[in-house]
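Undergrad: Residue strings, one per chain:
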Amino acid sequence: MKSAPFVLRAALASTAILAATGAAQAQELNLYTSREPGLVEPLLAAFTESTGITVNTVFLKDGLAERVASEGESSPADLLMAVDAGNLADLVDKGLTQPVESEVLAAAVPENLRDPGNQWFALSMRARVIYAAKDLDTDSITYESLADPEWKGRICIRSGQHPYNTALFSAFMAHHGAAETEEWLTGLKANLARQAGGGDRDGAKDILGGICDIAVANSYYVGLMQSGKGGDEQRAWGDAIKVILPTFEDGGTHVNISGAAVAKHAPNRDQAVQLLEYLVSDEAQKIYAEANYEYPVKPGAAVDPIIASFGELQVDPTPLTRIVENRKEASELVDRVGFDN
Amino acid sequence: MSASTTETAGGASPRRLLSAAVLSAASVLRLRGGFWVWASLLIAALVLVPVLALGWQAAQGSEGLWSHLARHVLPHALGQTAMLMAGVGCLTAVIGITVAWLVTAYDFPGRRMLEWALLLPLAVPTYIIAYVYLDMLHPLGPFQSLVRAVLGFDSPRDFRLPDIRSMTGAILLLGLVLYPYVYLPVRAMFMTQAANLVEVAHTLGTSRRRMLWRVALPLARPAIAIGTSLALMEVLNDIGASEFLGVRSLTISVYTTWVTRSDLAGASQIALAMLLLVVALISLERWARRKQRYSVSAQRARSMARHPLKGAARWAALSVCLLPVVLGFVLPALYLTTEAWKRFQFAGLSARLLTEAWNTFALSALATAAVLACGLIVAYAARLFPQRGMQAVQRAASLGYAMPGTILALGILIAAGGLDRWIGRTARDLLGIDPGLVLIGSGLALGYAYLARFLAISVGSVEAGLTRIPRSYDQSARTLGHGIGSTLRRVHLPLSRAALAAAGLLVFVDCMKELSATLLLRPLNFETLATHLYGEAARGTYEEAAIAALAIVLVGILPVILLARVGQRNG
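Chain order of the listed sequences is C and Z. So the first sequence is numbered by UniProt numbering: it starts at 1 and just counts up by one. So the second sequence is numbered by UniProt numbering: it starts at 1 and just counts up by one.
No lab work stands behind these hints: they were computed from the structure. In this text, a Cβ means the ideal position worked out from N, Cα and C, and glycines have one as well. Hints are not guaranteed to be accurate.
Derived EDC-like pairs (lysine to aspartate or glutamate); straight-line CA-CA distance at most 16 Å [as the list claims (entries may be wrong)]:
| id | chain 1 | residue 1 | chain 2 | residue 2 |
| --- | --- | --- | --- | --- |
| 1 | C | 328 | C | 36 |
| 2 | C | 61 | C | 36 |
| 3 | C | 328 | Z | 63 |
| 4 | C | 152 | C | 213 |
| 5 | C | 328 | C | 148 |
| 6 | C | 134 | C | 239 |
| 7 | Z | 342 | C | 233 |
| 8 | C | 242 | C | 312 |
| 9 | C | 189 | C | 213 |
| 10 | C | 189 | C | 148 |
| 11 | C | 94 | C | 73 |
| 12 | C | 94 | C | 325 |
| 13 | C | 94 | Z | 263 |
| 14 | C | 328 | Z | 263 |
| 15 | Z | 342 | C | 232 |
Using C-beta positions, here's what the derived DEER-type ranges look like [what the hints assert, rightly or not]:
| id | chain 1 | residue 1 | chain 2 | residue 2 | range |
| --- | --- | --- | --- | --- | --- |
| 16 | Z | 154 | C | 229 | 26 to 32 Å |
| 17 | C | 308 | Z | 427 | 21 to 27 Å |
| 18 | Z | 168 | C | 135 | 32 to 38 Å |
| 19 | C | 137 | Z | 277 | 41 to 47 Å |
| 20 | Z | 362 | C | 137 | 56 to 62 Å |
| 21 | C | 270 | Z | 348 | 33 to 39 Å |
| 22 | C | 270 | Z | 61 | 38 to 44 Å |
For reference, chain Z alone in the conformation it holds in the complex (with noise of 0.2 Å):
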């Protein structure tokens, strides 16, 4: 800290204030460990830029629209709204709680194989299921001709059972999806740190059932608070299930403003609104905890011993997981291979299906690795500097995931179309050249969409692995004289390696699955399998969008298989 006291010559005191704050700013980039403060404050920046944006079209103002809106959207659109939140959100947790618990504190048969496939309906998109099941409940579908069959009616004229479209149907369906992302956290959480504390509780005599209330809930938290309100952003950026069930959420509000009124300031207000309601709450849900502290595990990561289970209870167990993975995948998956069955032989497999399903691979890949490599820069800072400042830049980076995707969208078309722009006059000034659109052509705006979306997961995933190793662990490192990048290298990475496979997964199945962005901003001739899906269903050939379903599904099966393995290796 010797340059830079040239600065402090002002004489009035806000001037020496300001110096001073400029002081310590520069005092604290000039630590060793500056990049990660840069770096973060950059990919920090890339995601507010969209919500920005949206910030300047919001500013345009939409005439009357709030008047309307309150006198006649509003009311029922906030109690939908509220309603399918509540249920999903109670729903996700009360799954992903009780399989989790039960795959880690206890054996019984099939559980190896559930660890893994519980997570096996993250592949479904929630569009998929609310189509499949509406298909497959429809008073045409298998399940009411069955019934028909048995009951002795001949036409669905005379006898059928109430209609799938509604809000319980759109609760049902997109928690047995949804369920996975508290599944995943929450069961990290049971593994590792709850282990070593349950250890303990049962040598002090304390019943299984009473240590999942007394110790390893109260524990798992933080997992629960994260894998929830992820479940509940998907809840909020879905627009293709709650068409098809029938649920008018205030997603539903603002699509319709922007493309049936063709407002999309309006749309943009009434997004950003709904951005500062969730902020509102997931900061409501860290000053109610703000007192504990989760870190401190001292011993090395070790999942407790499993309680074998006895008759009944085995099979009572198995059926319980067995549940989600049969209604959220194998069900769904079963159908979607019948119908691609059935259209393979009607029209052949398209040849384009290969290129897609590549380009979708391809494109989720390298934007995972980009997100996952944002990811740890961000939280990594924030563990570095744990001011409040770096904190706040962590919580700016996961903006975008608290948004529908539609709308984010847009921020990033407005905001890469503008830099697009730009790069183009400044090349025909300068250099006499027309570049083209260098961003949304070359699918860069489209990587830059699925990083502002998807940042939150990696970050908070990667934050939740790195809480986990203790304090002291840097210290030591930092002691016997390792730099802050190899103690990540030798130290943190190791340990989160877990941590970090679970959010590649997550980004990786959210970035196939991922329909509005991709279809607002990809180049020229350029398809994935979700929007050739899209394609075909929004025509209504449901039978072609069979096969891309299908493959959607058969794609994202790969990650999950993979993180499996380096679980199962961890544990």
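Extracted from the complex, chain C is given alone in its bound form (with noise of 0.2 Å):
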């Protein structure tokens, strides 16, 4: 009774050794990913077939440093791909990452899009926008102005400590300093609709549901619910909202990105910045833009329809090394003001 587990067990550590030391040997290469497999899995069919390099995933939500970190000399991972330049800078502070010169990436990545040290680069933006029911009567908003008491018990947003959440907030600490940021928390805090929750698509369903008049969210969403891809009853959330892009009073709208990096000990580097070099041609970012709805960052590639309509993007100029260098304290910040509560 107690051997048969066992033998069962080496049998399937055995036979997933032998997978993974054939990884190693064909054209191959592995990506551990914080962005959800659904995301990436065009992107990454397409590359496939152009060069005929099979990828191995594995999606990790949180903990993808800790992985790379414990795994060490030993690790598997070529690619570390993730979300918020925060996630990426960690990678880089652990010294999981390697630095790439690559001219394909330096033509394509404009230079406050990637590492200083060329050790990340971004792949996608996306805009953090403001969901507005059709009949508000209002086309441009800033984010300071979220905190008037005019919009007391109108507004709808996710936990203050999600990390779309903390870069916004850190990028109004770069613009305002601390103690303006924790005033405007308390203003914002006060204005909500309901306990800070949720997730970013549920801004625009609490609108449609009379819950809110307005909500702070990420600009992809929309086309994921206009498009009708997430089905009937996501399209009828996306119809009830337009969109606003707002700005800071002094500056613009805030982005964040996704991004990847190569692993530093990567058994695979080459097929690694292939695929790096891969994401950013014209192919690939015309995808992120048409199956994801982000911005591409390549200059010049064409954004999707949908995301299109919401007006000319005006990205504030806050570098993110900035955002990056906030995003503890404004953590604690939100903390402080008992935002989630």
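Build the complex: two chains, separate frames, hints provided.
TA: In structure tokens form, the structure reads like this:
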């Protein structure tokens, strides 16, 4: 009774080891990603088709850095893909990445969207925008004004501790300093229609459900909802809203990125660089825009019509590195004002 | 005890004490059954390794964390956690005890079916029930639409009900899927232990209701304590449902400290502090009933004669038992089925789903077998050697369940990763080959995580099963010349089959629902239903997730039905 599971386990283990050693020889590469599999799959499929290189993946929502660090020099990871500049910076800080000198990447990715030491490269952008009820009579909003009393009981937003929000609050700190940010967060908190929580799409759903008038959320969800890709129900949520591109009073719209870095001990470094370069090609940037409704990073690459309908995106000039630096303090401010309570 | 007298040469008294200790330890280990002690120690050590790894992490220090926590986080988070645990603890105990008593003490229509149907909510993970009810009760959902239609309102802007996203909502929803943790052991206790004494009480003319309060409940106290504490550990583990429902528990603070502030040291510190708190609470409960002994029911276990209910009471009993099944399982399952059907028509069935269902099933089955075997070893060793030391080993082996799964998984990751690196270096130096990641790459690390996390369930259930077998049985068997192994096989295993089956069910279902460790530790290209579900939910494509969620619930029903059969054969 005791021995059977161990025999089976050993069998399972040995086949997996065989599979792993096999992987090292063929034209393959291993991708660790904290982006959802459904989002990267179309890109990887296109890459495999054009290069013949198979991509093995593991989707790690949290703990990407911890996993790669624990595996150390034995790690099979070649390319590390993550959302949010802070997460990418973490990988660099923990010494898990290596620089990549590539003319293709340098030409395709603007300087402010990659690591100064070429450790990571942004692959797509998303803006933190306002979803507003269709009948709302304004078409321009500043982030600062979200704390105004006129919005009392009318705003929906996800947890203040979510990276999408801490990044926005960090950007606010870069513009206005910590004290003013705390005051602003207190005002924003007072304006919430319901406890901070749920996902970005719930903002649209709750606007249709009459819970709030505006919601703070990411741009690409609108494409996913309004295109009907998420089914009829989500289409109804998407159709209930219009999108306003908010700006800072002295700046533009807050954007965050998704990006990737080559792992320090990458066994298939060349293939990893090849995939990285592919991801900024016209073909891949088009997939980012059309399948995921993100803003491409490559200058001149087209955005999806749904996203284009929001108007011209004026990217806030605050450097991503500033936002990364402020992140911890922003998260602490969220606790201080009891934003999520 | 002939050898090792060479050790006694010491002169000074501390040395003599030490050698006496070594001697007595050696004599214990050379007893027949030394295998059980060693194996049990090894298993406990395996569970302790990730906890120690976290301790090492925590010692890295986290500047200013506690002053920040104490001022801005703990007051609220502690209150919320206490409220959530008290609420869910009471609710699971009340539901679990009530329905367990009804189905064992009375006979009414549908009772036989309910006996196992009451377990079905186990198959619904907390994060799924939260999501389902959030959607059903949303102003746009079917329930409020119906209410509006009845009251004659057109738009949710004109009329809506209060939001389910609240502490009350969280307590109700968690209670609905966690009560089987109490129902299962308490029913087993009522069926076997209580039966004989209840019969006695009956002959003495005590009413059924008084019997519950005076006889059955006090007898079932260990089972209630084990069941409720298992349910509460699940509450401490939960991140998904709390996030959905807006409860800012301590577990969420741990998670935030780690993820948002990249402060793993700080997160480990909070998690270890929580662990201490849990251990203290459990010890307190054990201390409070230290004087009671619960073993010894000398007759063969049999169920008590059920009192047939008549008239309205029959239907009342049926409704009371049906309510948790309907709310905790039938409604969510129906909802998931319709959502899955919509998705199926829209996009068909993804081919990966079958592979993932198989992965989930195979992995959970293997892990369950290992967890049961280890649980049996630890619990049996503690029975063979009832000294304090072995009790402590047994407690240590159960520590993994008292930590949020996310954090325990990080401890495993640190330990397994370290071992993998060492194996890799050694193999490269000595053999010149690169074995890759032996533990993480093969999925062994994942099995290890399930073992460390769920061992408490099997140790606890097996222990509860074994205490019901009088020690005189052991002595008789040994007098008749049966060794330890043979006594286990021929006496203890057959008599605790129901307890083992119950442990197997709980562990299997828990492995299958497990998300955080699976996400963090699985090898490349390996998905389970839970990770698939999470990937879709994280992207917000809930319809696709509905199919995976339904599959989890369906795979989870299998062992429930299996267990019901074992239980019925025994009853």
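Undergrad: Please name the hints from earlier in the document that this structure breaks, with their numbers sorted from lowest to highest.
TA: 1, 5, 17 and 19
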